[in-house]
Structures are given as C-alpha cells and as structure tokens.
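Q: Required output: the full structure, derived from the provided sequences and hints.
Protein chains: 2
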Amino acid sequence: MEKEEELLKSHITKHHLKATKERSAILKAFLDSERHVSAEALYRQMKDEGSTIGLATVYRTLNLFCSSGLAEQRRFGDGQARYELTYNVDHHDHLICKECDLIIEFENDEIEALQKKVAKENNFKVSSHRLELYGVCSECLKEKST
Amino acid sequence: MEKEEELLKSHITKHHLKATKERSAILKAFLDSERHVSAEALYRQMKDEGSTIGLATVYRTLNLFCSSGLAEQRRFGDGQARYELTYNVDHHDHLICKECDLIIEFENDEIEALQKKVAKENNFKVSSHRLELYGVCSECLKEKST
DNA sequence: TCTTACTTGAGAAGTATTATCAAAATCAGT
DNA sequence: ACTGATTTTGATAATACTTCTCAAGTAAGA
Ligand SMILES: [Mn+2]
Ligand SMILES: [Mn+2]
Ligand SMILES: [Zn+2]
Ligand SMILES: [Zn+2]
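Keeping their order, the protein sequence lines are chains U and A.
Residue numbering for the first sequence is 1 to 146, as defined by the working numbering.
Residue numbering for the second sequence is 147 to 292, as defined by the working numbering.
To be clear, the hints were calculated from the coordinates, so they are not data collected in a lab.
Where hints are given, some of them may not hold.
[To be verified] In silico EDC-like cross-links for lysine to aspartate or glutamate, where the CA-CA straight-line distance does not exceed 20 Å:
#, chain 1, residue 1, chain 2, residue 2
1, A, 262, U, 109
2, A, 271, U, 105
3, U, 125, A, 289
4, A, 271, U, 143
5, A, 244, U, 72
6, A, 263, U, 109
7, A, 244, U, 121
8, A, 271, U, 132
9, U, 116, A, 253
10, A, 266, U, 109
A: Have a look at this one:
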C-alpha cells in the first residue's frame, strides 16, 4: 500500500469514517492527475474513464484529503479551487501564467524567512500564507513577440 | 475637486462614459469607507444613510474604479471580494487575522526584490502578485491565553 | 432641444460549492 | 456470516457572490 493510502486510511480509522471504493478510486485518480487539479477536472477525467462517481462525492473526497493532510486547496483567482498533493511535498509558492495557465512552483527560503520576520514585527502568529506571482511565462512571451 | 474625482473623471471622458450622480455618490462613500470594503458592505452603508442606489450599480462602479486605476480588488479567501483605494497608495501586502478579520498592511522591499529575482530566474514577466499571511493577531492571541 | 449612447434598478441568470435526503454500503459486535 | 447502527453515496436543491438582461431614465453634445 502506498504511503498516501496509508495516511488516508489512518485518518479514516481515527475519525470513525469508512473506507469505500469511491474514496480509493478518487485517491488513485488524484495521484495520477496533474498537480493543481480542480474538482470538476478530476470528475471529468474519471468519468471519461468510465467512473460513475458523482461530482458531489469528488468535492467531498477532496475536502477529506485536505482534512487528512494529504492535499491542500489553492485558489489562483480563476474562480475554481484547485487541489494539490502536499503530503511529503516541500512547501512552495507559485508563478501563474495568465495566458496559458502554466503553473511553476518555486521555493525561496529567503522570502520565507522574511515573512516570519514581518509576522514577528506585527506580533502575528502565522498559520499559513500564499504568495503568487501572476504574469506571462517565457513560452507565451515568445509567441507574443512573433 | 479631489484628485480621486479627477482621475475618475478623466477615465470617464477618455472612454466616452458618463458622469452620474450615482458614480459620484459611490466614490464619496468609497473614500469614506474603511479600507478593504466589500461591495455588499459599501451598499449597506450607503443604504443606511438613505441611498437608493442598487447593489448591481455598486458592483459595476467598484469595477469601474478598478479599471480606472483608482482601486484594486482583493480576495482574502472568505468568498467575497474586497476593494481598496490604491491610487496614490504605495504597494503593500497583507496580514489577515482569521479570528477577528483584522487586516494589517505591510511593505517589505526585500521580499519584493526577491520576487523579482524569482521571476527573472524563471523567465517570467510578472504583472501582479499577492502575498498574504494568515493567522492570529496579537489581540486575539491575548484573548485566547485568558 | 434632440438624438444617441450610456446608465440605472430590479430581478433573473450564472458559477462554484455545499446541503439535503433516501437508498446503499461499511463496519463492529455478535 | 448476520445484524444493526452509522456513514456514504448520487441526484439534485440550495446557497453565496457576482454578472447579465432589459426597459426606463439620464447625460453629452450638436
Ligand atoms: Mn503547487
Ligand atoms: Mn491593503
Ligand atoms: Zn504561458
Ligand atoms: Zn484578530
């Protein structure tokens, strides 16, 4: 059993929830999907492969993944939430291309440290943060110049 | 005429729009409102003072303020958009208390510079960014410890 | 003053997500 | 394996926020 399955299983047991084939199937599809997938996209992808699982269950299960520490929800400003696997994945922030929706992940320890400093200066206890840089990626810049 | 009125007026003229009493009233109310006000809150505030302007017009006009460079829209994750005056206001980011909705603004040039560096390393042309630190403010921390 | 184009308020519509509920599935204890 | 309590599911209703529609009203400028 993969480590993600184990984590989900332990969360399910601890909270007196139930292991279902729908949850397994959604987890498998989620692990196979591209990073930053939306509920709708995951639902559609599964449906195209024959799944009959409902959209509501996909939403419910992605929320369950978030509660269990497997995934995190992101909102990049286009209305729909995206979910990404964050279990055993280092913290990172995002560069988002507004032309082609490319998302580049980056880590910058200096920025992280400065954020902590800002929080401290304001006597703020930070529990989460979001840093997103919006613009145009190198590929789209190339296309634009032609 | 205040500088904000002038900016709006020039945008209106340039785009063959029309100066209306509704737009003036909403601008005045917006300038008097607290920073990071939502459309609904501004609408309610005006209504309480006798205005009969509709909610749709408040939304339309706040969007107009954004197009004209007077204001910017913010989304702090609680579903509703907020608008803040940014004309003649230096760029800044936000600390958001999840307990009491307090919003603290901060500027950090080192972080800004590092963001530019990250963008450059990825051949990305950044047009905007958002940095938000979520957590608990000092006041709420005090209350929690009692 | 006329004419044209823009704006308005009210409510309908749209979008993303969550809530409801009856039927089905899972699980713990026998 | 059987049973009964509890959870989960799919379909769809409901919700929340925002934009759209449209007929009536208003501003701009010749
Ligand atoms: Mn990511
Ligand atoms: Mn601000
Ligand atoms: Zn791109
Ligand atoms: Zn607080």
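Q: Would you mind confirming whether the straight-line C-alpha gap from residue 262 of chain A to residue 109 of chain U stays at or under 20 Å?
A: 15 Å, holds
Q: Regarding the pair residue 271 of chain A and residue 143 of chain U, is the alpha-carbon distance no greater than 20 Å?
A: Holds, at roughly 13 Å.
Q: Do the alpha carbons of residue 266 of chain A and residue 109 of chain U lie within 20 Å of each other, as the hint requires?
A: With a Cα-Cα distance of about 17 Å, the restraint between residue 266 of chain A and residue 109 of chain U holds, given a limit of 20 Å.
Q: Please verify whether residue 244 of chain A and residue 121 of chain U have alpha carbons no more than 20 Å apart.
A: With a Cα-Cα distance of about 18 Å, the restraint between residue 244 of chain A and residue 121 of chain U holds, given a limit of 20 Å.
Q: For the pair supplied as a hint, residue 271 of chain A and residue 132 of chain U, is the alpha-carbon distance within the 20 Å limit?
A: Measuring from Cα to Cα gives roughly 13 Å; hence the hint holds.
Q: Given the proposed pairing of residue 244 of chain A with residue 72 of chain U, does the C-alpha separation stay at or below 20 Å?
A: OK: residue 244 of chain A and residue 72 of chain U at ~18 Å, within 20 Å.
Q: Against the 20 Å threshold, does the CA-CA distance of residue 263 of chain A and residue 109 of chain U hold or violate the hint?
A: 13 Å, holds
Q: Between residue 271 of chain A and residue 105 of chain U, does the CA-CA distance stay at or below 20 Å?
A: 15 Å, holds
Q: Does residue 253 of chain A sit within 20 Å of residue 116 of chain U, going by the straight-line distance between their CA atoms?
A: Given that 20 Å is the threshold and the Cα spacing comes to 14 Å, the pair holds.
Q: Take the C-alpha atoms of residue 125 of chain U and residue 289 of chain A, compute the straight-line distance between them, and say whether it is at most 20 Å.
A: Satisfied, since the Cα-Cα distance of roughly 13 Å is no more than 20 Å.
In this structure, every one of the numbered hints holds.
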